[in-house]
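All residue numbers for the sequence shown refer to our numbering, where the first residue is 531 and numbers rise by one.
The hints are simulated quantities; they were obtained by calculation from the structure and are not laboratory data. Careful, some of the hints might be misleading.
Stated by the list, open to error - Listed below are the simulated BS3-like cross-link pairs for lysine-lysine, each with C-alpha atoms no more than 27 angstroms apart in a straight line:
(1) Lys-583 / Lys-610
(2) Lys-610 / Lys-682
(3) Lys-682 / Lys-583
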Amino acid sequence: MSQPTSRRGGGGGETRDTDWDGVRLHVVSGKGGTGKTTVAAALALALAAGGRKVLLVEVEGRQGIAQAFDLPPLPYEERKIAVAPGGGDVYALAIDPEEAMLEYLEMFYGIRRVGKALTRIGVVDFATTIAPGLRDVLVTGKTSEAVRRRDKLGRRAYDAVVMDAPPTGRISRFLNVTQEVAGLARVGPIKHHADLVRGVLASPETAVHFVTLLEEMPVQETLDGVAELRETGLPVGGVFVNMVRPALLPERALKAAAKGRFDSAEIALGLKAAGLADATAGASAVAEALAAEVAEHALRAELEKRERAELEEAGTPRYDLPLLPDGADLAGLYELADALRTQGAA
Numbered sequence: 531m532s533q534p535t536s537r538r539g540g541g542g543g544e545t546r547d548t549d550w551d552g553v554r555l556h557v558v559s560g561k562g563g564t565g566k567t568t569v570a571a572a573l574a575l576a577l578a579a580g581g582r583k584v585l586l587v588e589v590e591g592r593q594g595i596a597q598a599f600d601l602p603p604l605p606y607e608e609r610k611i612a613v614a615p616g617g618g619d620v621y622a623l624a625i626d627p628e629e630a631m632l633e634y635l636e637m638f639y640g641i642r643r644v645g646k647a648l649t650r651i652g653v654v655d656f657a658t659t660i661a662p663g664l665r666d667v668l669v670t671g672k673t674s675e676a677v678r679r680r681d682k683l684g685r686r687a688y689d690a691v692v693m694d695a696p697p698t699g700r701i702s703r704f705l706n707v708t709q710e711v712a713g714l715a716r717v718g719p720i721k722h723h724a725d726l727v728r729g730v731l732a733s734p735e736t737a738v739h740f741v742t743l744l745e746e747m748p749v750q751e752t753l754d755g756v757a758e759l760r761e762t763g764l765p766v767g768g769v770f771v772n773m774v775r776p777a778l779l780p781e782r783a784l785k786a787a788a789k790g791r792f793d794s795a796e797i798a799l800g801l802k803a804a805g806l807a808d809a810t811a812g813a814s815a816v817a818e819a820l821a822a823e824v825a826e827h828a829l830r831a832e833l834e835k836r837e838r839a840e841l842e843e844a845g846t847p848r849y850d851l852p853l854l855p856d857g858a859d860l861a862g863l864y865e866l867a868d869a870l871r872t873q874g875a876a
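With the sequences and hints as input, model every part of the structure.
Structure representation (structure tokens):
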């Protein structure tokens, strides 16, 4: 992990020794297949640890949060889904763009009943088709409202909100709501709503994180995404390197294996000495297979080392998340959350 950035604040005003003190909205993006939803879920658990209340928001309608926590499909309402280490609570919200549109019609125009009728004849779908930016404004607006919301005593409703956002290739446009509605409205409720959302998204209380693997395409998309966010003035967070494999050999042995200098005869002697192969022919065959695997592992390690060097260009904090041998089940989420807390991400 790179040098942490000190930030202070939070829902209850407390000071915490993490890289993202003061950040209340964590937007998590990443190339498809990198484990974006899993990391967002683990981050929510990590942020809630110790008695805090965190909202995990899904905006793509895939019910990925329900799958991550092994739950039935989530309705369009905020509900508690998990208890974090130390007694914190994780709530979830699966945003339905159509329902968000109806809420918007009622909030600003008082025509929810008409909205329901419009839904039946497909006008809502038509509106979001001809103005796709409006859909993004609605779902980001629902999230930013949760960030701003306070209870009757003036306390923040949530200590933090985590958004499982669209993939890296679409994240900059998704979050750049002011530009997206520029062609729709220059004044009025839509413009005012977009300005409020932009105020949250562009503030120091927001951080946009990227999930990547140590592979060429995900790393390049991460670097491109970071550059695009900086160009649009949106706050870049950290990079979560997911599915990190442990090193199986010392650095010197890996270099030798990558150059084809790992001697299978030496492995065969070691196998026989350990009593794992009782015949010379058998030992040789096993040794050759092991040498091939070692060479493949060494090449993979070299690739990952190069990709790590590429990620240095982003200039952001980085966090390593281990490859889970049993897959990203519920126990795995808690393991990843612990890894994030240990590294200072939450």
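Does the structure break any of the earlier hints, and which numbers would those be? none
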